[in-house]
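Enquirer: Sequence:
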Amino acid sequence: MTDPFRVLAVDPGISTGFVLAEVLDDVVVIDDYGQFKADVTLTASQVVTWLVQEDVDVLVLEQFDLRPQNKFLADLTPVEVNAVLDYVSATLPEATWGVVYQTPVQAKTLIPDAALKKLGFWPTGKDVAQPDADDVRDAARHLYRYLIMERGLSSLAAKIAS
Numbered sequence: 001m002t003d004p005f006r007v008l009a010v011d012p013g014i015s016t017g018f019v020l021a022e023v024l025d026d027v028v029v030i031d032d033y034g035q036f037k038a039d040v041t042l043t044a045s046q047v048v049t050w051l052v053q054e055d056v057d058v059l060v061l062e063q064f065d066l067r068p069q070n071k072f073l074a075d076l077t078p079v080e081v082n083a084v085l086d087y088v089s090a091t092l093p094e095a096t097w098g099v100v101y102q103t104p105v106q107a108k109t110l111i112p113d114a115a116l117k118k119l120g121f122w123p124t125g126k127d128v129a130q131p132d133a134d135d136v137r138d139a140a141r142h143l144y145r146y147l148i149m150e151r152g153l154s155s156l157a158a159k160i161a162s
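The sequence shown: position 35 = 35 (this note's numbering), numbered continuously.
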């Protein structure tokens, strides 16, 4: 039996989704999740507060991915939030967590909608008091991808494959 560890997965942006989980062996317990809208300063501040108060071991962040085929003006809020979190993670004495980045494609390729549903995580906008729950579901994709690819949780992979 291993020691439990805590993971905070965040999909930062104008609308930010987050999932906080505790993992013990192959058991994943979602302790909290949600989605909110805030500016860069408030978003980064909230994430840092969770990191410290919840004794998080790993912060998994969605990395901004500029794709040339996009036909819209890119929102750089995730870049700004991630930059603040990188700085805090490198300089705050209480920062004992590791930081892992994943692209949206990495998360959505391994954890599509059907996989989230098989894992029993499919909140709606009503669940997070927002028009949709896209960002919290994206944060969950990053959490589950991290647990499968970086921590080797075979039980999650088996659930998705079934």
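Take these hints with a grain of salt, some might be off.
Straight line, CA to CA, 16 Å or less: simulated EDC-like cross-link-like pairs of lysine to aspartate or glutamate [stated by the list, open to error]:
(1) 37 to 75
(2) 159 to 75
(3) 159 to 94
(4) 117 to 94
(5) 108 to 134
(6) 37 to 134
(7) 37 to 113
(8) 37 to 65
(9) 108 to 75
It is worth saying that the hints were derived from the structure and are not from the lab. Nothing here was measured: the structure is a model prediction, and the numbers come from that model.
Enquirer: Would you check the hint for residue 37 and residue 113, treating anything up to 16 Å between C-alpha atoms as holding?
Expert: The hint is violated at about 23 Å.
Enquirer: Would the hint linking residue 117 and residue 94 be met if the CA-CA limit is 16 Å?
Expert: Between residue 117 and residue 94 the Cα gap is close to 36 Å, so the pair fails against 16 Å, i.e. violated.
Enquirer: Within 16 Å, alpha carbon to alpha carbon, are residue 37 and residue 75?
Expert: It holds: about 14 Å lies between the C-alpha atoms, which stays within 16 Å.
Enquirer: What's the verdict on residue 159 and residue 75, does the C-alpha distance respect the 16 Å limit or exceed it?
Expert: Violated, because 34 Å separates the two Cα atoms, which is more than 16 Å.
Enquirer: Below or equal to 16 Å on CA atoms is what counts here, so check residue 159 against residue 94.
Expert: Roughly 36 Å between the alpha carbons, so the hint for residue 159 and residue 94 is violated.
Enquirer: Does residue 65 sit within 16 Å of residue 37, going by the straight-line distance between their CA atoms?
Expert: Violated, at roughly 20 Å.
Enquirer: Is the straight-line distance between the alpha-carbon of residue 108 and that of residue 134 16 Å or less?
Expert: holds, 12 Å
Enquirer: Next pair to validate is residue 108 with residue 75; report whether the Cα-Cα distance is within 16 Å.
Expert: Not satisfied, since the Cα-Cα distance of roughly 19 Å exceeds 16 Å.
Enquirer: When you check the alpha-carbon spacing of residue 37 and residue 134, does it fall within 16 Å?
Expert: holds, 13 Å
Going down the numbered hints, you'll see the structure goes against 2, 3, 4, 7, 8 and 9, while the others check out.
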